[in-house]
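From just these sequences and the hints, can you work out the full model?
Counting in this note's numbering, the sequence shown runs from 252 upward without gaps.
Mixed in with the good hints there might be a few duds.
To be verified - With a straight-line Cα cutoff of 16 angstroms, these simulated EDC-like cross-link-like pairs (lysine to aspartate or glutamate) come out:
no., residue 1, residue 2
1, Lys-421, Asp-317
2, Lys-284, Asp-320
3, Lys-347, Asp-320
4, Lys-784, Asp-756
5, Lys-284, Glu-703
Unchecked claim - Computed beta-carbon distance windows for the label pairs:
no., residue 1, residue 2, range
6, Leu-593, Ile-731, 43 to 49 angstroms
7, Asp-705, Leu-470, 38 to 44 angstroms
8, Ala-438, Ser-621, 19 to 25 angstroms
9, Trp-620, Gly-741, 33 to 39 angstroms
10, Glu-333, Trp-620, 35 to 41 angstroms
11, Glu-708, Ser-781, 36 to 42 angstroms
12, Leu-619, Pro-758, 42 to 48 angstroms
13, Pro-532, Ser-621, 17 to 23 angstroms
14, Pro-551, Glu-333, 30 to 36 angstroms
For the record, the hints were derived by calculation from the structure and aren't laboratory data. Just so you know, these numbers come straight off a predicted model, no measurement behind them. Beta carbons are placed, not taken as given, at the ideal position from N, Cα and C, and that holds for glycine.
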Amino acid sequence: MSNDVIGCCDLVMKGGVTSGVVYPLAIKEISRKFHLVGIGGTSAGAIAASLAAAAEYRRRHTQSFDGFDMLDSVVRELTRPERLLSLFRPDKNTEKLFKLALSFVQGKAGLLTKSKLLWKLRSKRSRHRLFAPLAANGFGACSGMAWGNEGEEPALTTWLSDLIDRIAGKEHGHLTFRDLHEAPLPAGFESDFSGETRSIDFRAVSTSITFNRPFEFPLQTRILAFDPDEWPRIFPQSVVDQIVASAGAIPSQQLTRGGKLPLPNLDLPVIVAARMSLSFPLLFSAVPLWAVNYHKDGEPLECVWFSDGGITSNFPVHRFDSIYPRWPTLALNFQATDNNGLPQRKALKESGELVYMNSERRDGVLDLWSEFTRDDDALGSILHFFLAIFDSAQNWHDNAFLRLPGFRDRIAEIWLKPDEGGLNLEMAADQTQTLITRGMEAGQRLTDRYAELDASEEMSWTGHQWTRFRSGMAGLTEAIEAFGESLGEGGLDGSELASLLASKDAPPCYKFQSDTQRESALELTKALESLAKKLGDRQPFDKGPRPPIEFGSRAPI
Numbered sequence: 252m253s254n255d256v257i258g259c260c261d262l263v264m265k266g267g268v269t270s271g272v273v274y275p276l277a278i279k280e281i282s283r284k285f286h287l288v289g290i291g292g293t294s295a296g297a298i299a300a301s302l303a304a305a306a307e308y309r310r311r312h313t314q315s316f317d318g319f320d321m322l323d324s325v326v327r328e329l330t331r332p333e334r335l336l337s338l339f340r341p342d343k344n345t346e347k348l349f350k351l352a353l354s355f356v357q358g359k360a361g362l363l364t365k366s367k368l369l370w371k372l373r374s375k376r377s378r379h380r381l382f383a384p385l386a387a388n389g390f391g392a393c394s395g396m397a398w399g400n401e402g403e404e405p406a407l408t409t410w411l412s413d414l415i416d417r418i419a420g421k422e423h424g425h426l427t428f429r430d431l432h433e434a435p436l437p438a439g440f441e442s443d444f445s446g447e448t449r450s451i452d453f454r455a456v457s458t459s460i461t462f463n464r465p466f467e468f469p470l471q472t473r474i475l476a477f478d479p480d481e482w483p484r485i486f487p488q489s490v491v492d493q494i495v496a497s498a499g500a501i502p503s504q505q506l507t508r509g510g511k512l513p514l515p516n517l518d519l520p521v522i523v524a525a526r527m528s529l530s531f532p533l534l535f536s537a538v539p540l541w542a543v544n545y546h547k548d549g550e551p552l553e554c555v556w557f558s559d560g561g562i563t564s565n566f567p568v569h570r571f572d573s574i575y576p577r578w579p580t581l582a583l584n585f586q587a588t589d590n591n592g593l594p595q596r597k598a599l600k601e602s603g604e605l606v607y608m609n610s611e612r613r614d615g616v617l618d619l620w621s622e623f624t625r626d627d628d629a630l631g632s633i634l635h636f637f638l639a640i641f642d643s644a645q646n647w648h649d650n651a652f653l654r655l656p657g658f659r660d661r662i663a664e665i666w667l668k669p670d671e672g673g674l675n676l677e678m679a680a681d682q683t684q685t686l687i688t689r690g691m692e693a694g695q696r697l698t699d700r701y702a703e704l705d706a707s708e709e710m711s712w713t714g715h716q717w718t719r720f721r722s723g724m725a726g727l728t729e730a731i732e733a734f735g736e737s738l739g740e741g742g743l744d745g746s747e748l749a750s751l752l753a754s755k756d757a758p759p760c761y762k763f764q765s766d767t768q769r770e771s772a773l774e775l776t777k778a779l780e781s782l783a784k785k786l787g788d789r790q791p792f793d794k795g796p797r798p799p800i801e802f803g804s805r806a807p808i
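This is how it looks when you write it as structure tokens:
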């Protein structure tokens, strides 16, 4: 094991289906200098994050680099001819539709194929026959288990489940969130964890299509149940058996009905969260869970479908942020070139590079353009217009953050050409290797910046901490000043808030639990008012990093 580890870091990785091949060596490069603490991702980023968490878990227990070295074997496997395609192998009942869709995605669908498809779409009966297998398969062509279409090598979920446990060095049972949270603290850096309750904080985002919002695993509340008879179609039986055993110890009459069992939180195997995050619509089957429908008589348990985390939160870098960070949160992002393979950023066009990190604080603030008009193709313009609308709805949150100081500085962008990553399931071995190498370069750039630069350098870790502090405090003091103004000319004593804080009975909701709590709340509110008055016209953090953080709408601190 290398003795060059200098501290801790968080790591967040974006989703992108096969684009995830860039991550193994990027993770390995970063882990040479940093212990991984917060590890997050969405979709393919969650897959990579689960492997990174497993490797860090092994390092914490054995003080060895063996888990990260095993990522080399992942690289070798992914660069074997057609291995990517075999990982994303469809189930037997959806194989024909999968091949048809793949031909369209890859631009290989000929005129005859398109004509046949259009003919089938004319009739309701033929449409039903075409798409019924997809709906019956959880709205996806691939369950991840390749039922009825087994090959010599395991499909994605079985392969990943085994890989996570082998990297973690787990000889018995599957790696869980509890295992990660309770892992030993990194030797020599224990003092950095004051107040932390999670030694390794792995988080994965999945989207509830039923509730139309993201869920972050591990869950903090218990509102979901699973069906032990359904889940073996999506997860290996040994995974289901372990969850069933854990669920048996959870008391919940509401979630234990009709053969359903409560879904464990901390005792949930990591593979479950990773697979739930990677449920790319129509490609991968959505995952069924169950919840109480309190809007119906009898409050029945009803199915709640979970799909790809990238639908709602494709790049959750802010999950680990604070105003004054103890260690850096590093991130790997994807951007798409134009059809000619050229990136939008001027600096990359001039250099010919496809990995980008801003070299100065002022760089990277300009918006990237989404070009959807096609001068000679009206139908194409309309199609790309609607795709741009979907992209805006999906990524506006992330794109707003990407412009902020202290946010853009710790992100390495990996630019992908049209035939790279994404849904390109049949990438040649040399293309896959190119992406893997690009990921390694991105990892090296991140570690060079935060592990090697002298504190006097603008883009160093010290400079980054200072930028985050200046930016975060500017937004915070502005919010405090706005609070003081909201009290009116009479201040707290002349406002209705004072009477609410003084009352033991009102308002009827969210009452204080004791007089001590109420008095402490009044004391703190007075302190905030006093601080707001002291600020007045003074703006100690004004003229700081731009664009400013706006508390209440976006505040990745």
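Evaluated hints:
At most 16 angstroms may separate the alpha-carbon atoms for a hinted pair to count; Lys-421 and Asp-317 meet this at roughly 13 angstroms. Restraint check for Lys-284 and Asp-320: satisfied, since their Cα atoms lie roughly 14 angstroms apart, inside the 16 angstroms limit. For the hint linking Lys-347 to Asp-320, the alpha-carbon distance of about 39 angstroms lies beyond 16 angstroms, and the restraint is violated. With a C-alpha separation of about 29 angstroms, the suggested pairing of Lys-784 with Asp-756 is violated against the 16 angstroms cut-off.
With a C-alpha separation of about 10 angstroms, the suggested pair Lys-284 and Glu-703 falls inside the 16 angstroms cut-off, and the hint holds. Restraint check, Leu-593 to Ile-731: a C-beta distance of roughly 46 angstroms satisfies the suggested window 43 to 49 angstroms. Between Asp-705 and Leu-470 the beta carbons are some 43 angstroms apart, a value that agrees with the proposed interval 38 to 44 angstroms. Between Ala-438 and Ser-621 the beta carbon distance is about 47 angstroms. The supplied range of 19 to 25 angstroms is therefore violated.
Roughly 50 angstroms separates the CB atoms of Trp-620 and Gly-741, a value that falls outside the hinted 33 to 39 angstroms. Checked against the hint of 35 to 41 angstroms, the C-beta distance between Glu-333 and Trp-620 comes to roughly 36 angstroms, which is consistent with it. At roughly 39 angstroms, the beta carbons of Glu-708 and Ser-781 sit within the given window of 36 to 42 angstroms. Range check, Leu-619 to Pro-758: Cβ separation about 47 angstroms, and the 42 to 48 angstroms hint holds.
Distance hint for Pro-532 and Ser-621: a CB-CB separation of about 20 angstroms, consistent with the stated range 17 to 23 angstroms. Remark: the range hint 30 to 36 angstroms for Pro-551 to Glu-333 is contradicted by a beta-carbon distance near 45 angstroms.
Going through the hint list in order, the structure does not satisfy hints 3, 4, 8, 9, 14.
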